Amino acid sequence: MKLFNLLRLPAVLAVMLAAPVAVTAEHTSNWAVLVSTSRFWFNYRHLANVLSLYRTVKRLGIPDSQIILMLPDDMACNPRNAFPGTVYSNADRAVDLYGDNIEVDYRGYEVTVENFIRLLTDRVGEEMPRSKRLLTDDRSNILVYMTGHGGNEFLKFQDAEEISAFDLADAFEQMWEKKRYHELLFMIDTCQANTMYSKFYSPNIIATGSSEIDQSSYSHHADNDVGVAVIDRYTYYNLDFLETQVREPSSKQTLADLFDSYDESKIHSHPGVRWDLFPGGEQAGRERLVMDFFGNVQNVEVDSTAGNATEFEEDLLALGKKIAEIRERAERQEADERNASLPEPLHSTHTTRKLRATKVEADNRSWGKTAVGVLALSGCSLVWWLGSQMDSPA
Amino acid sequence: MSGLLSSGALLRRDPRLLKVPPYLSFLCIVIGVAWLLVLPLDNYSRKTYISENALLPGQVHTYFAGSDQNVFRGYKKEVDALEGKGNTEVNDKLEEFFKASGLKVARQKYEYKSAGETYSGENIYAILHAPRGDAEEAIVLVGAWTNVEGELNKSGVALVLTLARYFKRWSLWSKDIIFLITADSRAGPQAWVDAYHDTHQKGIQSLPVKSGALQGAVVIDYPFDHRFESIHIVYDGINGQLPNLDLLNTVVAIASGQMGIGASLQKMWRHTDTYKDRLTTMLRGMLNQGLGHASGPHSSFIPYHVDAITLQPYGEGWQDEMAMGRVIESTFRSLNNLLEHLHQSFFFYLLMQSSRFVSIGTYLPSAMLVAINFTIMAIFLWVKSASPPATAGKVASATGEKSAPLMLVQEGDAKALVPEIFAEEKERDFFLPLAVVVGSHFLGVLPLYLFNHTPEIMLPAVFFIFAVMNFVFPFLASTVLTRSFAPTSQQYQLIKAFSLLFLGMFLSTLATLNFSLAFLVGLLSAPLTYIRSYPGRPITTVFFIGLLSLLAPTTVFLAGTTYWNLGIGEVLKEAAFGWDVWGMNTQVVVWCVWWPAWVVGMIQLAGKPKDEGGSIKI
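As you go down the protein sequences, you meet chains A and B in turn. Under the UniProt record's numbering, think of the first position of the first sequence as 1, with each following residue one higher. Under the UniProt record's numbering, think of the first position of the second sequence as 1, with each following residue one higher.
The following block holds chain A by itself, in its conformation from the complex:
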């Protein structure tokens, strides 16, 4: 027994040592679904919200192929736009969000409740191009960001229809059952936003919204030359955090840092967070990295914490040696024990049994088996012949 405990030790040690690394490594891809649900010039800010977030997740490493961007209107080409071809989310107009490289996957009247739910659940026709599909699996982390005009348990789509909190919860449940996500961060900026995630019941979801029931979400500021409000408060302060605190993909900022940065006096509404669907609850959720959802998965651990890099390496080396030593000792001990009692290893645990290949025994009585086979075959032929004989007179 002692032997197997010892065998497990390296793994346990490794987990203890590099806990965060191990957790991030659980997912193998990152996806983002960014949706604005309102059109028309005076809703400029909703499109700017989404485009700012699009720009941020791209900056943090999610490629265009893994971002689904839904824009119901084209503000850049609106005749009312004093700065044709651009969309800004700040009155300083420092960053043109439209820039020269954006990929809108669903645009104009394609942004509908049906298309959105089909996208999430991947119930799409064969003709649907890959760029318009959410090709996730059970190892994918997804960021779902929505903004528009909403109310208690609904979000309007284009002034024509609305998605309810129940529709959304069911869509996420389908995604879970179809193993379409590993973990999901749902973020929504609309009036009474927190009601939108109140009906979720699928596991592994962290949800956050801009305002409580009966609360409006407010715009942050207007650009008096564009003539409209350019960004909403909640999104503005999220972006503010992401721009100033999560400066590079190796950032170790956690969701706790992000959510704790919300200042109700600035946002003018009460943002909410829902942890209960997440395994480990709030405790575990708070430790998740912002980069788990806003950035792309990191296959290679870059030792960015430059100060103690060598120290870490030395530790690792020492640990490696230690593990090698322990393993050697264990093997020696095992050999000794095998000599003492042979049937003992059969008590092995599930994991070790899996490791062993099945031993194929050499068969000594092959001729006898052949004889039995020939006998059986000839018996069958006899029965068949008899049957055909009885059949022919009739």
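In short, the hints are calculated from the structure, not lab data. Remember, predicted model here, so these are calculated numbers, not experimental data. Hints may be right or wrong, so weigh each one.
To be verified - Calculated pairs, DSSO-like style, for lysine-lysine (alpha carbon to alpha carbon, straight line, at most 30 Å):
#1 A:Lys199 to A:Lys132
#2 B:Lys19 to B:Lys610
#3 A:Lys266 to B:Lys47
#4 B:Lys76 to B:Lys210
#5 B:Lys76 to B:Lys104
#6 A:Lys156 to B:Lys19
Guided by the hints, dock chain B onto chain A, whose structure is given.
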């Protein structure tokens, strides 16, 4: 027989119940008037607010300043130089200016004939095509060459020219902008709007160039060249139609919120936000709405569902013409944001001041109650006309010659003996009453035709003749009626019932379209509810004849013109012009609804029912 009688029939004869309707209808009038008077209070009126999200008033920086002021001064000088010149000469010059700004220019000649006079002129307009828009919609900036008072709109026209040049430089228009300079403020705009919608009469030229559907129009009426203090907003349309409240709110929000310029309504130059001021503003608004005439060039647009207002700077202050230009600029940026026709806010409202209003749901009961008073009385009279004369029963029992025949009435288990006379239904003879009421309504066509087709010079004379005839006619008609038909008191009751029924129905319908007119007519004809013939009571009769004469349409008209110091001929000419050019229908209401009701009331007073007292003899 007795089985057919219901308790309802008995209830109908209940003397206590029969006393109720006159008081009830009086109560309706009192509540209706009181209702109107409480509207200006904080609890009943509301603060205005912007309903349409797309408008975003005052959210843009305005850049109409600096060197544009020099451009304005230049145009101003040119306009001043054109003062007193002929219409064509003026338009030649204006065309030159518009073309220099790079706009497409067109002209339209028009000619109207009304009250023996010819109104002609030539409108000129320029179209700025939205550089990135789709030319499906347009907004109009109007500057009439002369304003409603006939003054040269010098700063206004110069401002339109300057803004045309300035707007051309922006690339953010989603709708076309039409700059319209009409020859005058009354016929010109009507000719242009009619032609724009292809509904123009003969004598009006079609428009050679057009743009998309009109979404709104703003008129500048700025006939002086000094600085101003505030802006006076005129919003009444023809026939009491109003522009969407959002348009007015937008301008008020921009002027006071963004530019710091006050806004006033209905010539309330000093509004102190007291109950009295609010009530005065509201009543002035109601009077304008009730008259239904055009109060500015914008009025012609409103019947076509094009929301329009006139902006008139006034007072001595420190706001200059550039501030006025910036208000227009910001307003146009807001209108430019519109995605669909203004529809979110109210079309039916009464304003107390620029930031306070009541909507139709709150004020409508007032006019409705006044109108219902007539209907209640009409129904009451209808019921009463079938019941036997009250005197018959009384006389019989008083003299004791014979007891009234009794009959058994059974209702379930309950049985009762009632005088047979109670159960009798008198047959209604209503051919004569209907003929009188319908006849008098048709007779209303006569004054309607007369006043709309008489040349201006003869109008005062025609009016006086008509006014005199008006007092003689009811007595004449009454005499003819009694001589040739000898109507019974039942027939008189029915005449009154039908007349009031017509009046009640018409006014309650009108109240939803032109609240003020319905309310005013209702109030002025309220005494008609209580008029009947008073045979043998000459003093009462004379008193009522005097009262009704004071409330005759002709007397009210005379009193109005005297009070506002207007010439009779002038007002009648305006009314005829409204009928011929604007399609105003206030006259129809006056001559075909109010006047016939009044005539029927007078006929009643002068009438002598045949069987009054006759039943005693028989």
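Structure-based check of all given hints:
no. : hint                 : verdict
1   : A:Lys199 to A:Lys132 : holds (27 Å)
2   : B:Lys19 to B:Lys610  : holds (24 Å)
3   : A:Lys266 to B:Lys47  : holds (29 Å)
4   : B:Lys76 to B:Lys210  : holds (28 Å)
5   : B:Lys76 to B:Lys104  : holds (22 Å)
6   : A:Lys156 to B:Lys19  : violated (59 Å)
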